[in-house]
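Colleague: Produce the entire structure from the sequences given, and follow the hints as far as they go.
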Amino acid sequence: MPDRSPSTPPRRLSTAAALWRIYPWAKPAIPSIALGMVAALVAALVALSIPLVLENLVDNALETGESANIWPAVLLVLGLGVLEAVMIALRRWFVLTPGTHVEARLRNSFYAKLQDLPVAFHDRWQSGQLLSRAMSDLSLIRRWLSFGLVLFVVNTVTIVVGGVVLFTWSPLLGAIFIVCAVPIWIYGFVFEKKYSRIARRSQDQAGDLATAVEESVHGIRVLKAFGRGKHALENFASQAESLRGTEIEKAKAIAGIWYWLLLLPDIAFALCLFGGVWLAASGELTVAQLFAFFATAAILRWPIESIGFLLAMTFDTRTATDRFFEVMDEVNTITDPAQPASVDEPRGRLVFDDVHFRFQDTAEGQPDLLDGVSLELLPGETMALIGITGSGKSTLTALTTRLYEVTGGRITIDGVDVRDLSRLELRRHIAMAFEDATLFSATIRENVLLGRDDIDLHSPEADAALEEALDIAQAGFARELPDGIETTVGEEGLSLSGGQRQRLALARAVAARPAVLVLDDPLSALDVDTEALVEAALRRVLASTTALIVAHRPSTVMLADRVALLERGRITAVGTHSELLASSEHYRFVISSLDDDDPLVPTEGDGRQEVTS
Amino acid sequence: MSSASVLGVSGEERDDFSKEESRQIRRRSLRLLGSLLGPLKVRVFWTMLVVVVSTAAQVAGPALIAFGIDTGLPAVLERADWMPIVLIVAIYLVTGLIGAVLIAWYTVLSARISQAILIDLRKRVFLQTQRLSLEFHESYTSGRIISRQTSDLDSIKELLDSGINQLVSGFLYMTFTGIALFLLDWTSGLVLLVSLIPLLILTRWFQKRSQSVFRETRVTSARVIVQFVETMTGIRAVKAFRKEKRNEATYGALVEDYRDANARAIRLFGFFDPGLVLIGNVTVAAVLLVGGFRVVDGAIEIGALLAAVLYTRRFFDPMEEMAMFYNSYQSAAAALEKISGVLEERPSVPDPTSPIDLWQARGHVSFEGVRFAYNHDSVVLPSFTLDIPAGQTIALVGTTGAGKSTLAKLISRFYDPTDGRVLLDGVDLRKLHPKDLRRAIVMVTQEAYLFSGTVADNIALGKPGASRDEIERAAQAVGADTFIDALPKGYDTDVNKRGGRVSAGQRQLISFARAFLADPSVLILDEATASLDIPSERLVQEALQTLLADRTAVIIAHRLSTVAIADRVLVMEHGRIVEDGTPADLISGSGRFARMHAAWRDSLV
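Read top to bottom, the protein sequences are chains A and B. Sequential numbering of the first sequence, starting at 494, is according to our numbering. Sequential numbering of the second sequence, starting at 26, is according to our numbering.
Keep in mind that a hint or two might mislead.
Stated by the list, open to error - Distance condition first, Cα-Cα at most 16 angstroms in a straight line; then the derived EDC-like pairs of lysine to aspartate or glutamate: (1) K606(A) / D949(A); (2) K723(A) / E45(B); (3) K270(B) / E939(A); (4) K270(B) / D829(A); (5) K460(B) / D382(B); (6) K148(B) / E727(A); (7) K233(B) / E45(B); (8) K723(A) / D610(B); (9) K270(B) / E823(A); (10) K606(A) / D450(B); (11) K723(A) / D145(B); (12) K270(B) / E727(A); (13) K606(A) / E46(B); (14) K488(B) / E727(A); (15) K148(B) / D947(A); (16) K66(B) / E160(B); (17) K514(B) / E857(A); (18) K270(B) / D946(A); (19) K514(B) / D854(A); (20) K456(B) / D506(B).
Don't read these hints as lab results, they were simulated from the structure.
Modeller: Listed below in structure tokens is the structure:
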């Protein structure tokens, strides 16, 4: 099971308090929601009065048999009818558009929060869970605000007013009615406990299902390559089945409260009928009063019944709110300092000073992944970072731009701790290219110039930067695409090969003209020829730019002025390639490939390879 | 008859459908609805019966009270006879109980039906997603297919939850009331009948307008989801390049579009609903007017008029609920249209209709006059013929974009050739049973995707049901065991989202273990070692030597060290195979490969 709610407060808020937390987003809509409630109440009252008015009119105005009385009567009925329709229209008018604004505000805040939260948060949370919060949960909140809440208030008021009216008709019968309502309230509390639990489970399961859907789409190549579509379906189906089970359990809970909400008024009616007849027999109540009592009581039936689904909706919304705030309450550990420092003219001196890093959930007793890394990159220097798979190279690069935060020691750029800079400035000084080259659904131009928010994307300056970056990254293929550099790539556009994407990602990092370039194995998907060309071009850029390059291949190492060897969480050796080759056995192990066992000298026989030296 | 412009998912984002297109889409989604309801016919019938009986029980209530006051009370007053009223109260209690029990039962029954429909639909879309070819997925974004399976299904769920019982009981109620009115006073009945004309016009107007607005809500919500998914998937790049603010603006605009479409849909209903109330109330006034004059003329009694007016009023009572139902129906219908579009897509790499079994593949792959083009203009692979004997290990080299991956994808049948055939052991891949095909041919790509779950789960994907022992042996074989053992919980470590905590190289090791476990007769490695460091690569290579000893392999790698284990090298350029020979022959020659190899040798330490 995923770690869903790392920050849920242990104390459970009451439903009202939990829902109240939406207030800051709903605030602008509150006056119109209140007006909507008033309109709804008026509409309800008019609707209640129309049958009474009709009876009166028919009985009195038409009794006389004069046709002159007909028109005023008809006009009155018509007027009330129009008023009711207008009030209903007003209610919707007042409530619905503001409701959609609340939803949009919530959605934008949620998105902004997610973008702000550190990568570690995204590692921990499944994206389907986030998506289901951003879509289903927020739309539920909107519907509750503009529909559930309004009806809940209006119907409760109607029930209370109706109860009072009943009481005035006949205290005894009114008392019977109210006593019968008590079990509903008691059951309501039981229902809340039971239902909220199921509602929570159902929404979480829906989120898991969204995750399964997302993974099945993003991992489609793997599933296809292994022909595991059916297998994935089985997993998905079993998750969907659990959701179905929960939904049916939910329906049973709702059926439970419906049962009481339907049965209790009926019992009350039956008792009142008997009591009413008894009172009438003893002369304490007239037949007309008895009739009026039932006429009013009948009107209260629907509001009472509606309490069932309104409660269910309210609890659903409460759960949705909780899920929303689980993310919003998340404390961002990687924030801008209150008084950010600034490096006005970055020269690119990048220093790791006894840097420690461990993932939060690393087991006790395990050493830190980065266990005291100290390394200095001089301005303009190109440093290659070498180490075996999983030694923490990528993590080390991610620390420079605070994608992750050091857990000890510090990283400085031109003497300033990276934590003292605003993230915006820091990431302007340091540009990265990742091994998984992520391109966004945008044109080549927009993708490559992503880091250049300082210039107009269509200015001549931008053109020049773009051309230069494409040249350096050997991404000239971009110009031959259907729409050239204006071709949309990424998911919504043309699909490119891994090597092509990697070159564009490299171009993007170069185009940002940072003081420091951090490249995480940027050439892994390139063929030998292209790689050589990129390297030659990169050399020019790197002459003036500080660079930290994670490398696997000797060819990439050749780019570097010096090489740092990462071994068991520390930099164990720094030096030029040949120095390290001579001095470090681990370095030789990591970097030298098939030097001593050249397989390409053919042996006699079938042509299959044979290892000789 | 059917137009291709709206076939499948084409034209999905449009909202200006012609009449014919619109009808075609509706028909398609209704067909889908029918096929979903088909297997549930019996259950639906019983549920409806429960609704009818419970409605009857509920309607009986007011009648019993009236009966109690009209008959029971006089009996007490006049004869002190308590029998009738006691009986009526008892009957009342019983019908109340029956009504409540039935409604509660109905709630569960209908949940079962709607959940059955949903799960059926979910599975169908999921399976269809898996069946559709890569070509489809490359153009239809993941966000869109996700939105089809999440937010679109949500709106169908909303319809199913909105209570069909209210529709049924509302309809019954209106029918009974209408008939009662006609029996009572046919003139008033006629007035009611006339009122149905504006009612139909209004409904028709709502239907037409809401159809297009609801379509828009589906399109805009999908766009919101696409942007959301893209941001969260690429969150590192977003942060590294400070895209947050720009993203917020983009997302904000999309959210606003969605909000606007939603608000317009709601506003339409905000007009429709009071419109219905207005028609109802005006009809009441009309009945009163017409009836009033006839009362004065003495044509009808006042009592009859009162009853007629009350019946008319009641006739419109369930209208609001039915309108709401209709509203959710329109919304769900728009979603169903999109979903049915996805379901209508025919995979461009279809499963064979009469598949040929191949229990034991030897691994002989051949291309016969194969040509591959995305469309007429862009030929990726011009016609070629190639034979790969069983057991041979082929290295495929060439510059990026030379068509190596395409060739590999033809063997693994991610694509089908435009012309010619690809054969495995003499059987056309298009005719081979998909199960046998996937068992025989496995492809490992550079992009090593991990699913959420444990490391062991991820390796086991290569062979569902593999024992722990097999999994561990596979990991050992490719040298992945060292790092796995070092993970907090070893093989039971959760790899989290998208393998966030496992490095790119480690991910590749896991996917190698996966392939090792799958034990195919033909193994295709497309840049599968790109992210590995040299020691790991060396281990993998050693593993490959044993692994590939008795199977066919096609290896695409930029690092020519891979060539070390190949029997044969194919050099590709612009979609053509320009060199073909043993590594030794090619190296000693003077062709492209000899040059590439020399350059590579130089780059080594």
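Colleague: Holds or violated: K270(B) with D946(A), Cα cutoff 16 angstroms?
Modeller: The given pair, whose Cα atoms are some 10 angstroms apart, holds under the 16 angstroms limit.
Colleague: CA of K723(A) to CA of E45(B), is that 16 angstroms or under?
Modeller: violated (37 angstroms)
Colleague: Given the hint that K270(B) pairs with E823(A), test it: the Cα-Cα distance must not exceed 16 angstroms.
Modeller: violated (20 angstroms)
Colleague: Next pair to validate is K514(B) with D854(A); report whether the Cα-Cα distance is within 16 angstroms.
Modeller: OK: K514(B) and D854(A) at ~11 angstroms, within 16 angstroms.
Colleague: Starting from K148(B), check that the Cα of D947(A) is at most 16 angstroms away, please.
Modeller: violated (48 angstroms)
Colleague: Regarding the pair K723(A) and D610(B), is the alpha-carbon distance no greater than 16 angstroms?
Modeller: violated (45 angstroms)
Colleague: Compare the distance between the alpha carbons of K233(B) and E45(B) with 16 angstroms, and conclude whether the hinted pair is satisfied.
Modeller: holds (14 angstroms)
Colleague: Does the structure keep K723(A) and D145(B) at a Cα separation of 16 angstroms or less?
Modeller: holds (15 angstroms)
Colleague: Would you check the hint for K270(B) and E939(A), treating anything up to 16 angstroms between C-alpha atoms as holding?
Modeller: holds (15 angstroms)
Colleague: Is the straight-line distance between the alpha-carbon of K606(A) and that of D949(A) 16 angstroms or less?
Modeller: Not OK: K606(A) and D949(A) at ~27 angstroms, beyond 16 angstroms, violated.
Colleague: K606(A) and D450(B): Cα distance at most 16 angstroms?
Modeller: At roughly 56 angstroms apart (the allowed maximum being 16 angstroms), D450(B) and K606(A) break the hint.
Colleague: Check whether the Cα positions of K148(B) and E727(A) lie no farther apart than 16 angstroms.
Modeller: holds (9 angstroms)
Hints 1, 2, 8, 9, 10, 12, 13, 15, 16 and 20, counting from the list given before, are not met by this structure.
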